[in-house]
Amino acid sequence: SAVISQKPSRDICQRGTSLTIQCQVDSQVTMMFWYRQQPGQSLTLIATANQGSEATYESGFVIDKFPISRPNLTFSTLTVSNMSPEDSSIYLCSVQGYNQPQHFGDGTRLSIL
Amino acid sequence: AQSVSQHNHHVILSEAASLELGCNYSYGGTVNLFWYVQYPGQHLQLLLKYFSGDPLVKGIKGFEAEFIKSKFSFNLRKPSVQWSDTAEYFCAVMIRGGDKIIFGKGTRLHILP
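The listed protein sequences derive, respectively, from chains A and B. Here the first sequence stands for residues 5 to 117, numbered as in our numbering. Here the second sequence stands for residues 27 to 139, numbered as in our numbering.
Errors might be hidden in some of the hints.
[To be verified] If you want a taste of the chain A side facing chain B, the calculated C-beta under 7 Å gives, among others:
(1) Asp15
(2) Met35
(3) Gln42
(4) Pro43
(5) Ser46
(6) Leu47
(7) Phe108
[Said to hold, decoys possible] Below, simulated DSSO-like cross-link-like pairs (lysine-lysine); rule was C-alpha separation at most 27 Å, straight line:
(8) Lys69/A / Lys131/B
(9) Lys75/B / Lys104/B
(10) Lys104/B / Lys11/A
(11) Lys69/A / Lys126/B
[Unchecked claim] Just the calculated beta-carbon pair ranges, DEER-fashion:
(12) Val66/A / Lys95/B: 32 to 40 Å
(13) Arg14/A / Ile38/B: 22 to 30 Å
(14) Asn86/A / Gly54/B: 38 to 46 Å
(15) Gly88/B / Ser115/A: 31 to 39 Å
(16) Ser88/A / Glu90/B: 30 to 38 Å
For the record, the hints were derived by calculation from the structure and aren't laboratory data. Just so it is clear, the structure is predicted and the values come from calculations on it, not from any experiment. Glycine included, every Cβ here is placed at the ideal spot set by N, Cα and C.
Start from the sequences and build out the full structure, keeping to the hints where you can.
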């Protein structure tokens, strides 16, 4: 399966700032996704990162808050903007081939003071 | 909307006990089914998957799951658990031919040594 590198692995940020999380895959993949896993909760899909076009956001998530880029088939970024304590969570990148299981990165543990 | 229900949120067992974690989904069409595991401090890993064929699928580390279409279920089993099985387990469903995976809320399994 693909090897997924996610950076940073963790960060502590101030309220009102923004953080960009990077996801790098060692091979070209069809689909890339961004999830959030809040403490004690399951995974919630934020958006599908589309190569060369705007991401497809799930209900409750908007581009202004979570801008996503995917310039090519192996790389994507998620920015958490204007952070508040409610954004404290683990953010996960995943990749998937068509009709295949998803594989996940190690995640970014984000804490907002 | 499609959903995945995991009946047990927290399970505590002694080593060598048998394990069964329940998972039901709501979707009338053809699905692919997954169990993922997240060991403490690690990323999500695929434990096993069902796409078609034999409804009894075997995964890593002695786990198996049985797809019962009439019950919309995909329960995870292991005849004899080990302390190292302590982890959180997520059931997930993907509509056949689709791209998104829907996750259950997870079951936290704690094995007593």
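So, going through the hints one by one against the coordinates:
1. For Asp15/A, the suggested interface contact is broken, since its CB lies about 17 Å from the closest CB of chain B, more than 7 Å.
2. For Met35/A, the interface hint holds, since its Cβ comes within 7 Å of a Cβ in chain B; the closest pair sits about 5 Å apart.
3. Evaluation of the Gln42/A hint against chain B yields a violated restraint, the C-beta minimum of about 11 Å exceeding 7 Å.
4. Contact between Pro43/A and chain B, as hinted, is not supported at the beta carbon level, the nearest pair being about 12 Å apart and thus beyond 7 Å.
5. With 7 Å as the threshold, the beta carbon of Ser46/A comes within range of chain B, its nearest partner Cβ sitting at about 4 Å, so the hint holds.
6. A least Cβ separation of about 5 Å between Leu47/A and chain B falls short of the 7 Å threshold, and the interface hint therefore holds.
7. Hint status for Phe108/A: holds, given a least beta-carbon distance of 4 Å to chain B, under 7 Å.
8. For the given pair, Lys69/A sits about 24 Å from Lys131/B by alpha-carbon distance, which is consistent with the 27 Å threshold.
9. For the hint pairing Lys75/B with Lys104/B, the CA-to-CA distance comes to about 15 Å; that is within 27 Å, so the pair holds.
10. Taking the CA atoms of Lys104/B and Lys11/A, the gap is near 35 Å; set against the 27 Å cutoff, the hint is violated.
11. Between the alpha carbons of Lys69/A and Lys126/B the distance comes to roughly 21 Å, so the proposed pair stays at or under 27 Å and holds.
12. Roughly 38 Å separates the CB atoms of Val66/A and Lys95/B, a value that falls within the hinted 32 to 40 Å.
13. The hinted window of 22 to 30 Å between Arg14/A and Ile38/B holds, with their beta carbons roughly 29 Å apart.
14. Between Asn86/A and Gly54/B the beta carbon distance is about 41 Å. The supplied range of 38 to 46 Å therefore holds.
15. The hint said 31 to 39 Å for the Cβ distance between Gly88/B and Ser115/A, and at roughly 36 Å that hint holds.
16. For Ser88/A and Glu90/B, the Cβ-Cβ distance of about 43 Å falls outside the hinted range of 30 to 38 Å, so the restraint is violated.
In the structure shown, a violation is registered for the earlier hints numbered 1, 3, 4, 10 and 16, in ascending order.
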